[in-house]
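*Asks:* Please model the complete structure; the sequences and the hints are all you need to start from.
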Amino acid sequence: ETGVTQTPRHLVMGMTNKKSLKCEQHLGHNAMYWYKQSAKKPLELMFVYNFKEQTENNSVPSRFSPECPNSSHLFLHLHTLQPEDSALYLCASSQDRNTIYFGEGSWLTVV
Amino acid sequence: QKEVEQDPGPLSVPEGAIVSLNCTYSNSAFQYFMWYRQYSRKGPELLMYTYSSGNKEDGRFTAQVDKSSKYISLFIRDSQPSDSATYLCASHYNQGGKLIFGQGTELSVKP
Numbered sequence: 001e002t003g004v005t006q007t008p009r010h011l012v013m014g015m016t017n018k019k020s021l022k023c024e025q026h027l028g029h030n031a032m033y034w035y036k037q038s039a040k041k042p043l044e045l046m047f048v049y050n051f052k053e054q055t056e057n058n059s060v061p062s063r064f065s066p067e068c069p070n071s072s073h074l075f076l077h078l079h080t081l082q083p084e085d086s087a088l089y090l091c092a093s094s095q096d097r098n099t100i101y102f103g104e105g106s107w108l109t110v111v
Numbered sequence: 001q002k003e004v005e006q007d008p009g010p011l012s013v014p015e016g017a018i019v020s021l022n023c024t025y026s027n028s029a030f031q032y033f034m035w036y037r038q039y040s041r042k043g044p045e046l047l048m049y050t051y052s053s054g055n056k057e058d059g060r061f062t063a064q065v066d067k068s069s070k071y072i073s074l075f076i077r078d079s080q081p082s083d084s085a086t087y088l089c090a091s092h093y094n095q096g097g098k099l100i101f102g103q104g105t106e107l108s109v110k111p
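Residue numbers (this note's numbering), protein chains in the order written: chain U, 1 to 111; chain C, 1 to 111.
Hints in this document: simulated from the structure, not taken from any laboratory. We put the beta carbon where it would ideally sit given N, CA and C, even for glycine. Careful: at least some of the hints might be erroneous.
Partial pick of chain U residues on the chain C-facing surface, computed with a CB cut under 8 Å [what the hints assert, rightly or not]:
{"#": "1", "residue": "42"}
{"#": "2", "residue": "102"}
{"#": "3", "residue": "110"}
Residues from chain C shown here face chain U by an in silico Cβ test under 8 Å; the list is partial [as the list claims (entries may be wrong)]:
{"#": "4", "residue": "8"}
{"#": "5", "residue": "10"}
{"#": "6", "residue": "12"}
{"#": "7", "residue": "42"}
{"#": "8", "residue": "101"}
*Replies:* In structure tokens:
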């Protein structure tokens with residue numbers, strides 16, 4: 001139990017589908033993050049939310065659409081993805097943007 | 001030049017060996033240094049957190065930072081098969097700053 005829960009753990013979607021990844025943190029933190037992890041590459045920061053306001057968008061394509069309704073929940077809405085978007089998507093949280101705690105990740109395969 | 005560089009390995013050692021994992025970084029302003037451990041198909045978990053130069057010990061693990069050479073090390077004593085994982089180093093220059101990750105080093109400890 002990491003304190004950051006992600007669902008689903010695995011997702012296979014077609015390029016024309018629309019799906020969403022969900023993240024919930026039980027740590028009382030005020031910042032939440034989406035990271036992308038591809039094989040043999042460093043973790044890529046995608047989005048940062050602080051007190052449910054987006055503070056960072058790391059030049060992420062618009063086919064990825066985040067949503068943060070409150071400090072405990074974060075979504076990543078996916079539509080018209082490409083096969084190269086297949087990766088592990090990690091949600092994380094932190095208090096005042098200090099030490100970051102990760103969830104288990106959602107494995108996404110785009111076919 | 002990548003801000004944080006790490007040899008991806010894989011590194012294979014026999015059980016009981018002392019393991020040395022290393023990273024270099026380019027930004028001399030980095031002050032906070034972390035090591036994360038990531039088991040296969042899991043999210044990264046924080047292993048060690050250090051500020052500025054010096055050593056920090058936690059059980060079989062020792063984190064070392066040499067700011068003069070911009071070198072970060074993680075030593076694992078009496079390595080166990082359960083230590084087999086990918087180890088990620090990460091740095092940032094201030095509290096709340098963007099965390100920069102290395103590529104990760106894959107470690108395998110053979111019984």
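*Asks:* Work down the list of hints and note, for each, if the structure agrees.
*Replies:* Results of checking the hints against the structure:
1. Checking residue 42 of chain U against chain C by beta carbon gives a least distance of about 5 Å; that is within 8 Å, so the hint holds.
2. Interface hint at residue 102 of chain U: satisfied, since its Cβ lies 4 Å from the closest Cβ of chain C, which is below the 8 Å cut-off.
3. Nearest Cβ of chain C to the Cβ of residue 110 of chain U: about 18 Å, over the 8 Å cut. The hint is violated.
4. Look at residue 8 of chain C: its Cβ gets to within about 6 Å of chain U, closer than 8 Å, so that hint holds up.
5. With a least beta-carbon distance of about 11 Å to chain U, the hint placing residue 10 of chain C at the interface is violated under the 8 Å criterion.
6. Checking residue 12 of chain C against chain U by beta carbon gives a least distance of about 17 Å; that is not within 8 Å, so the hint is violated.
7. At about 6 Å, the closest approach between the beta carbon of residue 42 of chain C and any beta carbon in chain U falls short of 8 Å, and the interface hint on this residue holds.
8. Among the interface hints, the one on residue 101 of chain C holds; its C-beta lies about 4 Å from the nearest C-beta in chain U, closer than the 8 Å criterion.
Figure legend: structure checked against the earlier numbered hints; hints not met, in rising order: 3, 5, 6.
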